[in-house]
Amino acid sequence: MFTVEQIESAHSKVKTGADFPNYIKEIKELGVKSFETWVKDSHTEYFGENDFKTTSEPQYKDLAIADHSDQEKFVQQLKSHQRGETDYMKFCEDCAETGIEKWIVDLDKYTCIYYDKTGNEILTEEIPH
Numbered sequence: 001m002f003t004v005e006q007i008e009s010a011h012s013k014v015k016t017g018a019d020f021p022n023y024i025k026e027i028k029e030l031g032v033k034s035f036e037t038w039v040k041d042s043h044t045e046y047f048g049e050n051d052f053k054t055t056s057e058p059q060y061k062d063l064a065i066a067d068h069s070d071q072e073k074f075v076q077q078l079k080s081h082q083r084g085e086t087d088y089m090k091f092c093e094d095c096a097e098t099g100i101e102k103w104i105v106d107l108d109k110y111t112c113i114y115y116d117k118t119g120n121e122i123l124t125e126e127i128p129h
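At position 102 of the sequence shown (counting the first as 1) the number is 102 in the numbering used here, and the numbers step up by one without a gap.
Misleading hints may appear alongside valid ones.
Computed cross-link-like contacts, DSBU-like style, restricted to lysine-lysine with a CA-CA straight-line distance of at most 30 Å [what the hints assert, rightly or not]:
1. Lys73 to Lys109
2. Lys90 to Lys109
3. Lys61 to Lys73
Here are the computed distance ranges between Cβ atoms for each label pair [unchecked claim]:
4. Ala18 to Ile113: 13 to 23 Å
5. Lys13 to His68: 33 to 43 Å
6. Gly84 to Glu126: 10 to 20 Å
These are computed hints drawn from the structure, not numbers from a lab.
Don't be surprised by glycine CBs; every beta carbon is placed ideally from N, CA and C.
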């Protein structure tokens, strides 16, 4: 199975949101089926075959997640990130500011779903592949 180190090596190539599809392809090839990233500190739980699971360490000090989500502002900031205008840390700060608590990526369906603190789906996106 895959390791957090292998995933982090693949993630180190991601400089902006424009690099995300290649990252997804690479970790899928490692055997990752899905992952759940928590905005507060960017720790991520990775899931593979046969109930395999591994978790990364927090990547930064806790961010405060807004209690109420602002979908319109989030979508604008996400598009900016996907155009390569912001780095990962700025994207996470934008998520926290707009009430995004986590995202779940399904590598079989090629979807990324963003959730608020109450578990509501804020946005579902198809990942280019």
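Hints, one by one, checked against the model:
no. : hint                        : result
1   : Lys73 to Lys109             : holds (26 Å)
2   : Lys90 to Lys109             : holds (27 Å)
3   : Lys61 to Lys73              : holds (24 Å)
4   : Ala18 to Ile113: 13 to 23 Å : holds (20 Å)
5   : Lys13 to His68: 33 to 43 Å  : holds (35 Å)
6   : Gly84 to Glu126: 10 to 20 Å : holds (19 Å)
Checked against the numbered hints given earlier, the structure satisfies every one of them.
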